[in-house]
Each structure stands twice: as C-alpha cells, then as structure tokens.
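Chain by chain, the residues run as shown.
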Amino acid sequence: MRRLLLVVFVCLLMTGSAFAADEPIRIGVFNCLTGQNAFGGQLELEGTQLALSEIPEVLGRKIELVVVDNKSDKTEAANAVARLIERDKVNAIIGTYGSALAMAGGEVAETAGVPVMGTSCTNPLVTQNKKYYFRACFIDPFQGSGAAAYAYRTLNFKKAALLIDVANDYSVGLGNFFKQSFISLGGEIVSEMKYNSGDQDFTAQLTEIISKNPDIVFLPAYFAEGAIVLKQARELGAKFRFMGGDAMDNPEIVTLGGDAVEGFLHTTFAYDPSMKDMNPVAQKFTESWKAKYPDKEPNVNAALGYDAFVLVVDAIKRAGSADPDKIRDALESTKDVPTVTGLTTLNATHDAEKELGIVEIKDGKKQFIGTITP
Amino acid sequence: MSGPDGTSEKNIKTRDGILTAVAAALFAAALWWATKNLDGYKLRIINLIAINAILGLSLNLIYGMTGMFSLGHAGFMAIGAYVSALLILTPEQKTMMWILEPIAPWLLGLHTSFVVSLLAAGLIAAFFGWLVALPVLRLGGDYLGIATLGFSEIIRIFITNLTPITNGSLGLKGIPAHTDIWMSYGCLAVVLVCMVRLMKGNFGNVLRAVRDDEIAAQTMGIDTFRTRVLAFSLGCFGGGLGGALMGNLITTIDPKMFMITQTYNLLMIVVVGGLGSITGSIVGAVVVTTMLEWLRFVENPVSIGGIDIPGIPGMRMVIFSLLLIIVIIFRREGIMGMREFSWNWFFHERTPGKTVGGGPR
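Protein chains in written order, with our numbering: chain A, 1 to 374; chain B, 375 to 735.
Note that these hints are calculated values from the structure, not bench results. Worth double-checking, as some hints may not be accurate.
[Claimed, not checked] A few chain A residues facing chain B, derived, Cβ under 10 Å: (1) E57; (2) G60; (3) V172; (4) N176; (5) P251.
[Said to hold, decoys possible] To give an idea of the chain A side of the interface with chain B (calculated C-beta under 10 Å), a few residues: (6) Q36; (7) P56; (8) V58; (9) K71; (10) S99; (11) V126; (12) N168; (13) A348.
Note that the structure is predicted; figures quoted are calculated from it, not measured. Beta carbons are placed, not taken as given, at the ideal position from N, Cα and C, and that holds for glycine.
Please take these sequences and the hints and turn them into a complete structure.
Next comes the structure, spelled out in structure tokens:
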C-alpha cells in the first residue's frame, strides 16, 4: 500500500513538472480600455490581440495575454501594473496609450524588475532614467523636428503658427519641439495660440492666427478637437494649410471634419492602409485585420499595439528564456526588427528609431505620401 | 459594574480606553504581518485605503460635519501633491524634467525631508482653503458647491500653465516613493485621533449646531462664519496631506489627475460611508477602494461549462454603480448613517440607557 502511494506520488510529481514545462508565457497588457483615452487604448489592444493570434507560441510555449484596464487614470494604472506583476506573475508587460499613465505604471514595473513595452506613450520623460521601460513608438522631439523639416524644406513654408492644447502633455511637447526645430531651420513662428482639451470654440484663436497670415499652422491635437478646428478655420475663410501629428491619425477624422479636412497633412508612424509599397509585416497585418474586423480601418494605434507584441516576442526568442531580466537585456539590443511601422531599433534611451510617415487627406481619403528617414 | 452612575461611567471610560489601545496594537501587528507576508499589489491597495480614508475624513469634516457642500477637494489635493513633490525632488531631477521651459531658479535648490514636505503640503493647502473660504463661504448650499468646483478648476488651470514652477501638463515624475504602509497609516492615525477629539469636544457640538440650524446657532452666540472658515481650512489641510501622500505613492503627478472625477470619488466614499460619521468615512474608504479592485474579475474572460465569455472592459464600473444605487436605495444615510463606532456595541445589555447614539438602531 505504501509503495503504491509512493508511485502515485512520483507520478503526480512528474505530471506536475511536465505541466510546469508547458506553462504559458504570460504577457500582461495594461491599457486604457475605458475613460477618456479609450478610443486609442481599445485599438491598441485589438492590435495586440491580433498579433497574439498570429504568433501564439514562442520557445515552444504558448503565450497568454492578461489584459487589465487602467481607466485612463493614474492611480488605476499603477494598481493595474502591480496586479499584473504580483498576482498574474507576468513575464513582460505591454502598454499604454497616454504618457502620464505609462509613467505611473512604469515606476511599479521598475521596482519589481519587469520589462514594459510602451505602445504610444511619446513623452520623452516616460523612459528617462528607466531601466525596464521601452517603447515601440518614436518620441515627441523626433516627430516635432521631422514635421518641421518637412514643412520647411519639402513644402518650402517659411512662416508657421502653432495652435496647442495646453492641458495635454503630448500637444505641448510636440508643439514645442516643432517650434524649436522650425526656428533653428531658419523659419519664423508668427503666432502661438493655446486652447484647453474639451474646448469647442476656436474662432478667437483662429482669427488671431489668420491676421498673422502664416503659410502653415501646426496643430498637435487629438482628432476630435482637431476636426473642429479645421472646420471652423474653413468657415472663417483661412487660406493656410494645417499640419498635425500622429494623434490625428484616426479614420474618424474624415467623418468628423467632412470637406474641411481636405488637404490636411499629418506626420505619423510609417504605416497606413493606403500605403503603396507596404513591407511584408504590414501587408500581413492589414490582411488579417481586415479579416478579423471587416467594419474597421486599421490605424497606427492598432499597428503599434501589434508591434509592441512583436518586439516583446522577438526579445523572448533572442533571450531564449522568459525570465523578465533576460527579456529586458534582449530588448535593449533590439535592432532592425521588421514591424508594421517599419524596421525598429531601440536606442540607448529605449525609444524606437523608425521612419516618420507623412499622410495627406485627399478626396476624402487618407493618402500616404511617403516617409522621412531621420 | 452596578455601582452608582458616576463610577460606572468611569469604568466604561477606562474599559473603552483599554479596548482602544488593544485594538490599535492588534491592528499595528496585523499591518506588520501584512508587510511581511502580502505581495506588493495587496499592500498597494491597503496603502490606498489609508490615503482615501484621510481624504474622505477631511471632506467629511467639511461636508458631513459642518454641512458645507464642497466640490473643491481635488484642487486642494493638487496643491498638496505639488507642494510636497516640489519640496522633495532633488535639484538634478528638477533640471532634467523641465524640458520645455527652465525651472524657476528659486525653486531649484528647494529641498526638504518628506515629513516637512507633508506638513508644508497640508499648511499651504489649508492657507489656500482659508483664502477661498473668506469670500466663498458667504454662499451656501448648491452655490457653494459651484463656487468651490470653480476654484478647483482654477487651481488645475494654474498648474497647467505655470510651466516654470509645475512643469505644466507634462507633470512630475520620479517622486521618491516615501508613502509606505507605516507612513500612510501613521498619518491616518494622527488625523483620526484629531478628528475624534475634535468632534467629541465642544468644537464638534458647534460644528453640528452650525450644520443643523445656522440661525439657531447664531442666536446661541456662535460666530458661524468663523466656525465654517476654520472647519473648511482644517478639511483642506487633510486634502493637501492626502494629495501629498497620493503623489508619493504613485511617484508621478500631473494636472489631469486632479479633475472633478477625483472629487466625485471622495464624495462617493463619504456618502456611501455615511455623511457626518467618522467611522463611516473609514468604512467607505475600505469598501470603495477594495471593491473597485476586487471587481476587476468581472472584466476577465471566463468560461462557464465550455462557453467562453470574453471580458468586457468597463463592466466593473457598471456593477459598482449598481451596488452604489442599491446602497443608496436601501440605506439612504449611507452604511453608517450618522452613527459612530463605539465599544458599547459589544456590551449593549450591560449599559442600559447609556448608548448615546451608539447602539445598533
């Protein structure tokens, strides 16, 4: 009897260890699925989930996504990351839309020593002095100077104006870096107007800008407010062109802005469904997105959600292990990994170095014009 | 125990004192156990409970005890959080963070210890509370609510635009994580003791009198305006203290953290717990903070009997709101109502006729 028990016990132990070998690699996702940033967070999560369905395994182990909502709230973001690390024991984390949330979550991950791959948190402060935070996106100074170079050199505009959302860290940062580069290139900033997130009436600022007669107005806004600005500018008879950043990259903008968004330019990540010469990863992404979500256009947020997953899995593969510290070390040496938004290299400050894309809205459709290499 | 009234009351007082001391010691031991055995996630929630309790108590002093409907608490939290953060960040961190505009030179070298920064946070928030109270507390009821709400928005917009001092909408990060369990529960203990003593003393009676009938209180010779200003400033001190602790827990702050939704969260704690009850605010803080986290499981994908139900983000807010509605329908006065915890609850039959608003129902 005792021997029988022993055999059973040994069998149990063996199956136990067999299970352990097959235990899935858990990747946590914290993103804003509800709250004011939900429109971006949802798209990113869908991108990440799409990537999982394409790459369900690494190192012969299944990958499991653990998704938690951060409600677009800082306290919740920190709680969410703590939960992923302590309760769900994730090996790596992906997230989030919104730099403030990334900073709150990043501190928890940093103390616990779990690597995080940011999706579209573009504020330079996010990865500053952080050992464990990386991001799949480029940062505001890079995009700002790229936009300024395009406006000044390619379009040959010498006089620019700015219209900035002063309550939005993204808008303030991007606007400021555009201004610095535009001035250092030799351009002139003729007017710098401000508004607050949630404003509906921009006629005062626009009238002031019109009176200064710029060639181009840089508008680093979120698409909901950006579309209203464009509409009101058209109504006031503005002749100059507008240029925005990646936050304007949303299929909704044409629906919201109608005719008024015609000719609007914005910088973004090097991906758009209208791209002519897509790289193979982007082609695959577009195809499977259209198969999975036939009634929705893919955009850069979805692409970045996808890319963040690709980068993490690539690091796990190169590390040959799911140990958080080994993943971190592998992430640090990420070089020229093919992703939807072009070849991605993570630099010394853990930010992605990739091409900048330019999109123009023509005939009511987004047209991908081309890329600028830094 | 069945002696003359005087000794019995004295006995009860000694008994309560001993019981309170024992309970506090047991609670401290439980916290010590928690720091050794629980993981970081659970400790974070326990920590948040203390901070929310401090904030709830301070709002309750303004709204529940003194009857001033204030929607400005997020603003005072913001003041506290920024004051504390700016005082404890090192000069190197400051120069690195102000990437848009250089930091104001006088601010750069300012550096104090955490406890000093907490005190400063509370005092400066109280000072602003006093400043606002002078004109605004001449209003009453809904008008006061609107005025304080406006003030809290003004603070937020000031912080957003004062880039050389606050780093604008980019916010601050890398605030040292000083808020550990001991710090937040220590602060809570101090706030709690002060509140209990305050409400048991004559000042508590004055506050209740002002709340229940201002004209009657005036006729009794109470300077109602001064009382309200004092209570409001004290409440703001708590708000600033709570904000500072919060900033040090999350280690990063920005103006968007202190929107009106933050005030609503606190209001929820106060109302669910029971307006005007110290015990209620603590119960409210425990219930609201833990429920929001605990309910996360309803957003996870589940499979019941082979059927997979995908997780719906936001589901926990729906359920949480339903729970709140149920509480308000069945207990309009909140979980505790206006009642306070008292040791008499456990000795009900031994103290006939002496349960001063303490016994259950």
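(message) Can you verify the interface hint for E57/A: is its Cβ closer than 10 Å to any Cβ in chain B?
(response) This hint is violated: E57/A lies away from chain B, its Cβ roughly 19 Å from the closest one there, beyond 10 Å.
(message) Would the hint on V172/A be counted as holding, given a Cβ-Cβ threshold of 10 Å to chain B?
(response) Where the cut-off is 10 Å and the nearest Cβ of chain B is about 5 Å from V172/A, the hint holds.
(request) Go through the hint on V58/A and say holds or violated, using the shortest Cβ distance to chain B against 10 Å. (result) 21 Å, violated
(message) Does the closest beta carbon of chain B sit nearer than 10 Å to the beta carbon of N168/A?
(response) At about 6 Å, which falls below the 10 Å cut-off, the nearest Cβ of chain B leaves the hint on N168/A intact, so it holds.
(request) Hold the hint about S99/A up to the distance rule: shortest CB distance to chain B must be less than 10 Å. (result) Since the shortest Cβ distance to chain B is 8 Å, the answer is holds.
(request) Go through the hint on N176/A and say holds or violated, using the shortest Cβ distance to chain B against 10 Å. (result) Because about 5 Å separates N176/A from the closest Cβ in chain B, which is inside the 10 Å limit, the hint holds.
(request) Please verify that hint: G60/A, Cβ, nearest Cβ of chain B, below 10 Å or not. (result) 24 Å, violated
(message) Does the closest beta carbon of chain B sit nearer than 10 Å to the beta carbon of Q36/A?
(response) 9 Å, holds
(request) For the hint on P251/A, just tell me whether its beta-carbon gets within less than 10 Å of chain B. (result) 21 Å, violated
(request) With chain B as the partner, please determine if A348/A meets the hint condition of a C-beta pair closer than 10 Å. (result) 16 Å, violated
(request) Classify the hint on P56/A as holds or violated, based on whether any CB of chain B lies nearer than 10 Å to its CB. (result) Given a least distance of 16 Å, the restraint on P56/A is violated.
(message) Is the interface hint satisfied for K71/A? The criterion is a beta-carbon contact with chain B at less than 10 Å.
(response) 8 Å, holds
The structure does not agree with the numbered hints 1, 2, 5, 7, 8, 13 stated previously, though it agrees with the rest.
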